[in-house]
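Each of the two chains sits in its own frame; use the hints to bring them together as a complex.
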Amino acid sequence: QVTLKESGPVLVKPTETLTLTCTVSGFSLSDARVGVSWIRQPPGKALEWLAHISSNDGKSYRTSLKTRLTISKDTSKSQVVLTMTNMDPVDTATYFCARIPYCRNTICYDLPDFWGQGILVTVSS
Amino acid sequence: DIQMTQSPSSLSASVGDRVTITCRASQGIRDDLGWYQQKPGKAPTRLIYGASTLQSGVPSRFSGSGFGTEFTLTISSLQPEDFATYYCLQHTTYPTFGQGTKVEI
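Chains E and B, in that order, give the protein sequences. For the first sequence, this note's numbering begins at 302 and goes up steadily by one. For the second sequence, this note's numbering begins at 252 and goes up steadily by one.
Treat the hints as calculated values from the structure; they're not laboratory data. The hints are all genuine.
Computed list of lysine-lysine pairs in DSSO-like fashion (alpha-carbon distance at most 27 Å, straight line): (1) E:Lys-378 - B:Lys-293; (2) E:Lys-346 - E:Lys-314; (3) E:Lys-346 - E:Lys-360; (4) E:Lys-306 - B:Lys-293; (5) E:Lys-367 - E:Lys-346; (6) E:Lys-346 - B:Lys-293; (7) E:Lys-346 - B:Lys-353; (8) E:Lys-346 - B:Lys-290; (9) E:Lys-314 - B:Lys-293; (10) B:Lys-290 - E:Lys-306.
Isolated chain B, as found in the complex (with noise of 0.2 Å):
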């Protein structure tokens, strides 16, 4: 199975950060990978597919990039309802989540 690594596994930031996170995959994924947000007791959303798609309905706040083996979530500007745990997943082959990241007050 690929192995997605995704760093770091928690930040802290404050209101009007600019945020970046992580995932390498331990081999090429093309772009097939997307972006997940999570909050407590609820179910992921997406927010990034393709590795840069923005989802519909998404803040444009949030982008996406990278190809092949690294990739990034930026959130340009934090905002109080983005304190959330991001995972990113690839879908090459069996798909597989990265080990998540908290993003803190």
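Next up, chain E with everything else stripped away, as it sits in the complex (with noise of 0.2 Å):
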């Protein structure tokens, strides 16, 4: 049974880092063909891909976001971090976490399939 849970402070303080953590199980992050992506949703607003990293380590970052945000992973503890700087209360959103069954490098050759429960973050002083 494949879960992913997102983990980490509902709030934070605007210029803080925010620091998220994926927790997954039924799945190996060094499957080789296995991505885990970031993606969050301000309140009552779209969804956003932020980042996704690869089983061979490849990562890839919103442009818009991209000097702000780094993706790792932890394969031992089935674990993928996000990074976010200087958090400012446009923030504020529902982040998620989830499978991609195929990611290569830098590409993903498919779409999301399991998701977290999602976090909701507050930037707020």
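Structural data, given as structure tokens:
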């Protein structure tokens, strides 16, 4: 049974760095084709793809946020970590992680099939 | 980045209606597109991938079509559980979502 679960702070202050962790089970981050993405959704708004990481450690970032995002993984812990620097109130959103059945290098050849439940992060002083 | 223009942004329909939602890509994306359904407070669920392949377990009243720049999601006979927001997502290059279509009663 494939599951993903997001964890991290639910409240951060402006200018702080956000660190979110996605813990997966039911599959391995070392599986040859699997990738994991981070996607966010501001309240009442559309989904936004933030970043993804492939099985061979290829990474890709949302162009507009590239300087603020870092994605990494710890295969032994079954975790994918997203950091976002210099948080702003406009970054208030529900953050989801999702599995992608086939990613290689920086390209994903499939769409997310399993998603975490999401974590609402509020940016406020 | 490839822009996905989804229409309409919302629609009102009744149980039993046929519903069509469209996504247009700013450049050709072959069939690298899928459709998701999202209910309030929940994560999206995948309905269609490869533009027209039905996800296992998804009712056959859902169908997808299109290639290149224009794509449609059709619900042949709307059911009460189908009232939700629908998103398209392309993955030819860096993935981008459409803006969503809210299907209301």
